[in-house]
Structure formats: C-alpha cells, structure tokens
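Protein chains in written order, with the working numbering: chain A, 629 to 951; chain B, 629 to 951.
Worth flagging that the hints you see were computed from the coordinates, not collected in a lab.
Please note: incorrect hints may appear among the correct ones.
For identical chains, the list gives no copy identity; a pair is met inside one copy or between any two copies.
To be verified - No more than 27 Å apart at the CA atoms, straight line, and that leaves these computed lysine-lysine pairs for DSSO-like: (1) Lys636 x Lys828; (2) Lys865 x Lys730; (3) Lys642 x Lys875; (4) Lys865 x Lys642; (5) Lys649 x Lys673; (6) Lys730 x Lys673; (7) Lys729 x Lys865.
Number of protein chains: 2
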Amino acid sequence: MADDFLQKIAELQKRLDGQLKNYPFPQQPEYLYDPLRYVLAGSAKRLRPVLLTLTGQAFGVDEDDLQHAALAVELLHNFTLVHDDIMDDDLLRHGQPTVQKKWDNATAILAGDGLFVEAQRAITRVRNNAQRVYTVFNDGALAVCVGQAYDKEYEENQTITLNDYLHMTEKKTGAMLSLCMEIPALLANQEEAVCSQLRKFGYDIGKGFQIQDDILEIFSDADKMGKSLGSDVIAEKQTALSLMARKMAPEQLSELWQRSGEQPIDEKLAAMRTFFEDTGVYAETIAMAEEYFNNAVEDLAVIPDPCREVLVAFINFVKSRNY
Amino acid sequence: MADDFLQKIAELQKRLDGQLKNYPFPQQPEYLYDPLRYVLAGSAKRLRPVLLTLTGQAFGVDEDDLQHAALAVELLHNFTLVHDDIMDDDLLRHGQPTVQKKWDNATAILAGDGLFVEAQRAITRVRNNAQRVYTVFNDGALAVCVGQAYDKEYEENQTITLNDYLHMTEKKTGAMLSLCMEIPALLANQEEAVCSQLRKFGYDIGKGFQIQDDILEIFSDADKMGKSLGSDVIAEKQTALSLMARKMAPEQLSELWQRSGEQPIDEKLAAMRTFFEDTGVYAETIAMAEEYFNNAVEDLAVIPDPCREVLVAFINFVKSRNY
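With these hints in hand, go ahead and build the complete structure from the sequences.
Next up, the structure:
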C-alpha cells in the first residue's frame, strides 16, 4: 500500500517536472528566457507542486485550476532560490552552477524577476475563488521575503535563539508550504477553519523540512545534495544545529569556532560533525525535526479519508530523503 | 484653463506622493522595510499613478479601486527602478543614492522583490473586473522584464537600429504607461476597442517620454535630473540620440567615439552635445519625440470629453519637463 503511494508521488513528480522543463516560454529575448529554461532544467524534487496537487485531489479541485496553481508555486519557489543564491553568493543549485555563476548578477536578478512574473501569470489563470487565491498567494510571497530579510538580519547577530530561528523558518520555508495546502483548499471553497489548520501543516512540515535541510547541509553527501555543503555553517549563519549547540553546549561551540577558524573546509566540516554528534546536538535536532513532522501528520485530520494517507506518505517521503 | 489642469495634476501628484511616502509598511524586519521606505521617500514625479488616476476619473471608476491601482503601478515602477539600478550599476536615483549604493546588492535585490510583492498585493485589492485587471497587470510586468532583457542584449550590439530601440522602448517604458490607461478602462468595463487604443497611447507617450529621457540625459542639468547624467551614452548604451546619429552621421559618430575615448566625463559630454547639435541629430530626435507625443494626443479620442483635456494637459506637462 505504501508502495502504491510512493509510486503515485513519483508519477506526479515526473509529470510536473516534465511540464516545468517544457514550460512554454518564447525563444526571445534569450537574455531573459535562456536562464529561465536553465533554472527549470535543474534536477529538482518538485515537492511543493506535488504537495499542492495531492491536496487538491483530496478536495476534488478542478484539474485545470490545480495545474495552474501547482506550476505557480514551483515558479515562485524558483524565483526565491535564484535571488537567494545571489544574496548568499551560492554557486551550486539543483546540481548545476547558479544563474549568477553561469552568467552574471544582472542576468540572475532579471531571471528571478521573470520567474516571479510567470508565477503571477500562472496563478491568475486560476478561475475558482480567484480573488482570494491571488491574495493568499501574494501574502505568502511577502512572507517569504520577510523570512529572507530575517535570515539576512540574523546572519551577523550572535544572540539569535532557536525560537527566533523557528519564527524565521515559518516565514521563509513554512509560508510557501502553507500555500501548497491553503490554495487547493480555497480552490475547493473550504472554510477558514480548514484553511487555518492547513496553514499550520505548512508551518510544521516547513520547520521539519528546514531543520532537516540544515542537518543534511552538514551530514549529507555534496554530490547528492546538488548544492555546496556546509556553506551556511561555515559562513556562521544561523542553522538549527548551531543554535541547538548554542543552547546545549555554548562554550564548546565557541571553542570549536575558534579552533576551526583557519582549517580547510573538509576538516572543518568533519570537526563539526564530530562535535554535533558527541554533544548530543545532532540527536536533539533530529528529534526536533521529527516532532514537527509528527505535528504535520496530526494537522492532516482535516483532509478527508482515504486521501489523507497519501499525504502521510508524502511526509514520510520528505522525512526519508537523504539529500 | 490650462492652469486649472496643471493645478489638478499638481494636487494629484502631491496626494499620491504623500500616500506613497506614508505607505503602511510594518516596522519589522528593518532589513526589508527600511529600504522600501527609503525608495518611496525619494523625490519622484509620480507620473504613472497621476496618469492612471486622471484616466480613471474620466471613466468614472470607483475611488477605492482607482486608489489601489494607482499605488500598484507606482510600486511596480519602483521595483523595476531598484533592480535596473543594480543591473546598470547606477549610483543615483530620485536625487539620492540607489539602494545598492546606500546598502548593498543583497539588500537592493530583496527591496525590489518586496516592492514587486507589494505591487501585487495592491492590485489584488481591486474589486471590479478583478481577474482581467490582474492578468493585464502581470502581462505588463512581463513586458517590462522583456524590455529590460532587450536593453541588456543591445548593450553590446553595435548593429542595433533605431527601430530595434523603439521596439525595446515599447516594452520597457511603454508597457507600464499602457497599464496606466488600460487598467482604469477595465475597472470601468470598457470594451476591447477602447482598451486597445489606450494601450497605443501608452506606447506612444512611452516612446516620446523615453526619447526625451535620452535627450535630457545629455542636455539636462545633473542636479535637476536627480540621477547620474550621460552614463548611458558613455557606457555606449543604445539611446535615441546615438542611434539617430548612427543613421544620420555614422562616420562622424565613430570618429567622436574614438576621439573622446580617454576624455574626462565633462569634456566627453560637452563634445557629444556639440556633435549632436551640429549634425542635426538633436533636432531630428526632438522632432521624433514630438511626433510620438502628437500621436498620443490623437489616441485620446476615446476618452470622453471634457476629461480628455486634462489628459492633453498631462501630455504637455510631460513634454515640457526639463529634468
């Protein structure tokens, strides 16, 4: 049974990935559209449009509306990635050089803008409950910008707590996943109580996902991950692991930073892994992610049976990723 | 009578400027909202929301809808300015340092994104004919990105013609001015024939405006202009003047580029002024702008009397600017 669900998810991933890789952009101007085609050609998991589609199917949403909304959230997500990669000076994304690395900053800025406009154009093709859908979509887009702003503010602030980080994550990662739940609910004219619970699902799975992402950044395999590893921690950005360490073992953490300051990146990464494991920070952080994923399962109570099960399978699918 | 119109335009400018300078952004996060407040505090002429409001009043559009749409186009316009200034490495805008100059690139990228999201949030507050309005708004936003892409493509292409330039201008400058006409028409449920003529007005006044902008870049006074002068021509970007010169006096233009290559910027600017005047390029370019402004007056035939007159006054107001 679980295999059936995984197969359904895999089929959806494949279909959505195909649609995004063949998105009907014009040929000209190449300065705009070549980078857009390039971004969508990367090897991405399409988790957001898969989630949105599964939820929409549970509520019996019109297929065309669902399709437009699914593409809109993935385009919106890719807009944020392209601009965040410039802002964070990241060089690798979805297994290929970032847009500003392959071209330059100007090209990448416009590529992000283009993806954002195309996301808007996709969502405005939705017909049912349209005004509410557009409003929620853009409130979500704003939350992502707010989250990114906090992330940047926090970079140079060594007094940030785990709670601050979770609040930031709710905006930066959770808001987009909330969109994947609330928009299909709105397309099915669900009432506010349902929408509100589904937003909570987005925040919960978003926190689980982001905490897990921070862990994978340190403990995964760079080739699989398709982006540079350890860059956040090495830039001393706030991550779930470093903030948990600041809470559980602050002195040892300071020592580690000092000791590893001049080390080559591989040694630094290895030293951090050992430190996080030995201090129990790794186990505690894993447990925190697990708790958010469990909350997300409970939030699914508002999804009608039997469709709930495939969403539970989706959570397990996300949880079990190792890149 | 003309004075009455000018007073009405000045009052509208003042009201809209006040609303934009006091836009109800939250305080936090400052990383996002401080630059947004800063951008809107610059000394801008608010031509686009003024035009949109005058047109909406001519069609008797609901005041709230008109207000949301007016703010939306100015926010959209400012989004494009902030990102274009990064892409073009411009240091001065609306009489103050650009966002990336005052802060940095990352801050400016996010500020542009924030302005774009706020533009979307403003336009989704419109009630009448909403879906059509959002669609047209985002088609316009896409055209601006397409225009910017052509502008960047053309930078390093010395085979561009005046026609290519006019096509690019239609997208980069005209599309946003078309929005200012078509959106109020849609808010008043006008039919496609009217909308189409109003879009043409946008393209015509856009071309007149952009050609004039290129002229002012060389022949105006830097303090008044509130942005760096001559930067486009000195970077050998395509402008109406340089393309007219390539058509009318190609050999003398090449000579000028070679001769002025190493000159200080002031001397270079003076040499260009003399060249454009002596070859008749200046007069011919002025005449071309004039023709587009005249076309724009004719396009106004679809605006009901007596409101048409204030829009004619608006064109004259734009034409007579000297910065």
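Checklist entry - Out of the numbered hints, which ones does the structure contradict? => result 3, 4
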